[in-house]
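Given next are the chains, with one letter for each unit.
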Amino acid sequence: TQLLEQSPQFLSIQEGENLTVYCNSSSVFSSLQWYRQEPGEGPVLLVTVVTGGEVKKLKRLTFQFGDARKDSSLHITAAQPGDTGLYLCAGMRGSYIPTFGRGTSLIVHP
Amino acid sequence: DAGVIQSPRHEVTEMGQEVTLRCKLISGHNSLFWYRQTMMRGLELLIYFNNNVPIDDSGMPEDRFSAKMPNASFSTLKIQPSEPRDSAVYFCAPNEGALRGYTFGSGTRLTVV
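Sequences listed follow chains A and B, in order. The first sequence begins at 684 in the working numbering and counts up by one. The second sequence begins at 15 in the working numbering and counts up by one.
Just so you know, these hints were derived from the structure itself, not from any lab. Computed from a prediction, not measured in an experiment: that's the story for all the values here. One or more hints might be untrue.
Using C-beta positions, here's what the derived DEER-type ranges look like [said to hold, decoys possible]:
1. B:Asn85 with A:Gln692: 24 to 30 Å
2. A:Gly699 with B:Pro68: 34 to 40 Å
3. A:Gly765 with B:Arg23: 33 to 39 Å
Partial pick of chain B residues on the chain A-facing surface, computed with a CB cut under 8 Å [stated by the list, open to error]:
4. Phe79
5. Ser80
6. Pro98
7. Gly119
8. Val127
Here are a few chain A residues that sit away from chain B, every Cβ distance over 10 Å (derived from the structure) [to be verified]:
9. Gln716
10. Thr731
11. Lys740
12. Asp750
13. Asp766
14. Thr782
Idealized CB from N, CA, C, for every residue including glycine.
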């Protein structure tokens, strides 16, 4: 059983479309991170959210941490081919050891 | 990220052989994670070092796996003997704190045939 469930597992869209990916858990996290991973590389941190209900924006990416700090979402507006990659969420429960979801694989077609 | 250098980038070995994966931390850090990534299971924590001492090795699959962190700049993960099910991408990342996030190396892709 995966502690963090990400959905959808795969997403294939056209350039310019909007999308939302989700990260859900029954556990409460002290903080949650989103990473993007490109083929042949390690995950790269996009954002860390700490406060329940927190919303952070990074250009066309909007991250939200659930009020109860059990879930999070990532919304991309007007997706571009450069957004293609594996999006991973990682939760911390007090310790500094992050637990990762399996990720959402996004392909944005030109 | 240039701060974490993993070698080799790719390793193909035969079942039963010993494999050593290396992780170099350019800036030095006394706290480090080793993760393994597969399609089926995603990113799994193998071992966590703090002050160069293994704190949590509950993710190490079995006695065939061992890891060391002799100093703040270097760590190794050894598999002996290797098996096909060990095929995966192995990552190391220094622990820079939950708020700063984690900087992963580019990984070592291991294929055991």
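We went through each hint and held it up to the structure:
1. For the pair B:Asn85 and A:Gln692, the supplied restraint of 24 to 30 Å is violated, since their beta-carbon distance comes to about 40 Å.
2. Separation of A:Gly699 from B:Pro68 is about 48 Å and departs from the stated range, judged on CB atoms against 34 to 40 Å.
3. Separated by about 23 Å at the C-beta atoms, A:Gly765 and B:Arg23 break the suggested range of 33 to 39 Å.
4. The closest approach between the C-beta of B:Phe79 and any C-beta of chain A is roughly 18 Å, which is over the 8 Å cut-off, so the hint fails.
5. Given hint, B:Ser80 at the interface with chain A, is violated; its Cβ is 19 Å from that chain's nearest Cβ, farther than 8 Å.
6. Hint status for B:Pro98 relative to chain A: violated, with the closest Cβ pair at about 21 Å, above 8 Å.
7. Interface hint at B:Gly119: satisfied, since its Cβ lies 6 Å from the closest Cβ of chain A, which is below the 8 Å cut-off.
8. With 8 Å as the threshold, the beta carbon of B:Val127 stays out of range of chain A, its nearest partner Cβ sitting at about 20 Å, so the hint is violated.
9. A cut-off of 10 Å between C-beta atoms contradicts the statement that A:Gln716 is not in contact with chain B; the least separation is 6 Å.
10. For A:Thr731, the non-interface assignment is contradicted: its Cβ lies about 6 Å from the closest Cβ of chain B, within the 10 Å cut-off.
11. No beta-carbon of chain B comes within 10 Å of the beta-carbon of A:Lys740; the shortest separation is about 17 Å.
12. For A:Asp750, the shortest C-beta to C-beta distance to chain B comes to about 20 Å, beyond the 10 Å cut-off, and the non-interface label holds.
13. With a least beta-carbon separation of about 19 Å from chain B, A:Asp766 lies farther than 10 Å from that chain, consistent with its non-interface assignment.
14. With a least beta-carbon separation of about 7 Å from chain B, A:Thr782 fails to lie farther than 10 Å from that chain, contradicting its non-interface assignment.
In the structure shown, a violation is registered for the earlier hints numbered 1, 2, 3, 4, 5, 6, 8, 9, 10 and 14, in ascending order.
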